[in-house]
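There are 2 protein chains.
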Amino acid sequence: MAEVRFRISISLDGYTAGPNQSAEQPLGEGGEDLHEWVTSLAAWREGHGREGGDDNPSTEAFEIQNRNIGAQVMGRNMFGPGPGPWPEDPPWNGWWGDDPPFHVPVFVVTHHEREPLELTDTTFHFVTDGVEAAIGRAKEAAGDRDVLLAGGANVAQQAIGAGLVDELHLSLVPILLGGGERLFDGVADSVKGFEQVRSIEAPGVTHLTYRRLG
Amino acid sequence: MAEVRFRISISLDGYTAGPNQSAEQPLGEGGEDLHEWVTSLAAWREGHGREGGDDNPSTEAFEIQNRNIGAQVMGRNMFGPGPGPWPEDPPWNGWWGDDPPFHVPVFVVTHHEREPLELTDTTFHFVTDGVEAAIGRAKEAAGDRDVLLAGGANVAQQAIGAGLVDELHLSLVPILLGGGERLFDGVADSVKGFEQVRSIEAPGVTHLTYRRLG
Numbered sequence: 001m002a003e004v005r006f007r008i009s010i011s012l013d014g015y016t017a018g019p020n021q022s023a024e025q026p027l028g029e030g031g032e033d034l035h036e037w038v039t040s041l042a043a044w045r046e047g048h049g050r051e052g053g054d055d056n057p058s059t060e061a062f063e064i065q066n067r068n069i070g071a072q073v074m075g076r077n078m079f080g081p082g083p084g085p086w087p088e089d090p091p092w093n094g095w096w097g098d099d100p101p102f103h104v105p106v107f108v109v110t111h112h113e114r115e116p117l118e119l120t121d122t123t124f125h126f127v128t129d130g131v132e133a134a135i136g137r138a139k140e141a142a143g144d145r146d147v148l149l150a151g152g153a154n155v156a157q158q159a160i161g162a163g164l165v166d167e168l169h170l171s172l173v174p175i176l177l178g179g180g181e182r183l184f185d186g187v188a189d190s191v192k193g194f195e196q197v198r199s200i201e202a203p204g205v206t207h208l209t210y211r212r213l214g
Numbered sequence: 001m002a003e004v005r006f007r008i009s010i011s012l013d014g015y016t017a018g019p020n021q022s023a024e025q026p027l028g029e030g031g032e033d034l035h036e037w038v039t040s041l042a043a044w045r046e047g048h049g050r051e052g053g054d055d056n057p058s059t060e061a062f063e064i065q066n067r068n069i070g071a072q073v074m075g076r077n078m079f080g081p082g083p084g085p086w087p088e089d090p091p092w093n094g095w096w097g098d099d100p101p102f103h104v105p106v107f108v109v110t111h112h113e114r115e116p117l118e119l120t121d122t123t124f125h126f127v128t129d130g131v132e133a134a135i136g137r138a139k140e141a142a143g144d145r146d147v148l149l150a151g152g153a154n155v156a157q158q159a160i161g162a163g164l165v166d167e168l169h170l171s172l173v174p175i176l177l178g179g180g181e182r183l184f185d186g187v188a189d190s191v192k193g194f195e196q197v198r199s200i201e202a203p204g205v206t207h208l209t210y211r212r213l214g
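Residue numbers (the numbering used here), protein chains in the order written: chain A, 1 to 214; chain B, 1 to 214.
One or more hints might be untrue.
Remember, identical chains collapse to one label, so a pair may be satisfied in a single copy or spanning two.
Unchecked claim - Below, in silico cross-link-like pairs of lysine to any residue (SDA-like), each with a Cα-Cα straight-line distance of 25 angstroms or less:
| hint | residue 1 | residue 2 |
| --- | --- | --- |
| 1 | K192 | P19 |
| 2 | K192 | I8 |
| 3 | K192 | P87 |
| 4 | K192 | P91 |
| 5 | K192 | S40 |
| 6 | K192 | D33 |
| 7 | K192 | T39 |
| 8 | K192 | A202 |
| 9 | K192 | A23 |
| 10 | K192 | D121 |
| 11 | K192 | G179 |
| 12 | K192 | D98 |
| 13 | K192 | R212 |
| 14 | K192 | P203 |
| 15 | K192 | Q25 |
| 16 | K192 | N93 |
| 17 | K192 | Q21 |
| 18 | K192 | R211 |
| 19 | K192 | D89 |
| 20 | K192 | E32 |
| 21 | K192 | A162 |
| 22 | K192 | R50 |
| 23 | K192 | T120 |
| 24 | K192 | W96 |
| 25 | K192 | H35 |
| 26 | K192 | A141 |
| 27 | K192 | G49 |
| 28 | K192 | G161 |
Keep in mind that the hints were calculated from the coordinates and are not lab data.
Produce the entire structure from the sequences given, and follow the hints as far as they go.
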């Protein structure tokens, strides 16, 4: 049975993207620093057609976060800038060019209908009836494999709050963003805590894994 | 030369105490769960006149956090409920009874003047001219040893924001408090980040050490 995993990089003050997100700055001001640990890894670079890179304890965390993925779920803001209807001329086809790095079906939670978009071996499906429906469809598509909830904060909050996330992987980076999207806002009413599974110390980041209680 | 260390337990959503702090609930609703890792340690219990307890990787973190302390600094809310002038009948002498567990001079940052209070081998000094002054006096009292900034969030924010904290020790507990005092609010304007020194994985908690950049 497919499990749902959420992994995200988070600042010490709890933000998963910086303030003032835009098409030019999809991660907001300062948000790119959250992902330096991963974009500098040889394991990540290989999957994104780039050479070189590091091998350090973050490699293990990266592999744990990404193993056995059969489908992904993401929010509208992770797929593209918003809000509002999808632009048609030119169409917005994601941040990743013609060969997105997912290689599995991706379910995008949005208020706006759109036909599926196939780019190389990744098909984006646009789901307008909410996070739970998107996760349900992703589980079906994943079969025996797991579903990766890719982000952003809003979709993750809804999924965590509804008890739909089995495993939570946080890569905690010691920067302060001071604004942006805060991961755990509005979640505490329904979720009181998690069981700690492991933590991995790596250069400039600590990777924390938690499991849903109950 | 004395260094200034700040150590605090923090929830996954960034709070160092729960909502609705009071004399009956000095850590706020749910806040006691932040400290279970330490109050269950044999090393802590011994220092607080209690028997039994655990020995696990948290012991090492506890010893690192508390080694070589020559003086402490704390905020008014950590010493007692507030705000307002000190009550006189009966006087408020802290949460810890007649034998407080500090055994070094403690400098309490407050808006309200008060004579020093000596309880067994701990003397509380009440400092009305701000956090920087309190840390200065604590450094003087500590001599060759270090100053521990004990909390709470407000005093810590001021000290971190002013670049007065050399080492930051966070014990990250995977609970969600949903409200209360948030450690890093208002700090990001002056501090952009920290250097990660180490992290220690322990049962139900990860201990993170950071150092001030620059």
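Now the hints, each set against the structure:
no., hint, verdict
1, K192 with P19, "between (27 angstroms within a copy, 14 angstroms between copies)"
2, K192 with I8, "both (20 angstroms within a copy, 20 angstroms between copies)"
3, K192 with P87, "neither (40 angstroms within a copy, 36 angstroms between copies)"
4, K192 with P91, "neither (41 angstroms within a copy, 37 angstroms between copies)"
5, K192 with S40, "between (34 angstroms within a copy, 21 angstroms between copies)"
6, K192 with D33, "between (29 angstroms within a copy, 11 angstroms between copies)"
7, K192 with T39, "between (33 angstroms within a copy, 20 angstroms between copies)"
8, K192 with A202, "between (28 angstroms within a copy, 20 angstroms between copies)"
9, K192 with A23, "between (35 angstroms within a copy, 24 angstroms between copies)"
10, K192 with D121, "neither (39 angstroms within a copy, 39 angstroms between copies)"
11, K192 with G179, "both (24 angstroms within a copy, 12 angstroms between copies)"
12, K192 with D98, "neither (41 angstroms within a copy, 35 angstroms between copies)"
13, K192 with R212, "within (10 angstroms within a copy, 32 angstroms between copies)"
14, K192 with P203, "between (30 angstroms within a copy, 18 angstroms between copies)"
15, K192 with Q25, "between (33 angstroms within a copy, 18 angstroms between copies)"
16, K192 with N93, "neither (38 angstroms within a copy, 33 angstroms between copies)"
17, K192 with Q21, "between (30 angstroms within a copy, 18 angstroms between copies)"
18, K192 with R211, "within (12 angstroms within a copy, 30 angstroms between copies)"
19, K192 with D89, "neither (45 angstroms within a copy, 39 angstroms between copies)"
20, K192 with E32, "between (30 angstroms within a copy, 13 angstroms between copies)"
21, K192 with A162, "within (12 angstroms within a copy, 33 angstroms between copies)"
22, K192 with R50, "neither (41 angstroms within a copy, 29 angstroms between copies)"
23, K192 with T120, "neither (41 angstroms within a copy, 39 angstroms between copies)"
24, K192 with W96, "neither (36 angstroms within a copy, 28 angstroms between copies)"
25, K192 with H35, "between (28 angstroms within a copy, 16 angstroms between copies)"
26, K192 with A141, "neither (30 angstroms within a copy, 41 angstroms between copies)"
27, K192 with G49, "neither (41 angstroms within a copy, 31 angstroms between copies)"
28, K192 with G161, "within (10 angstroms within a copy, 30 angstroms between copies)"
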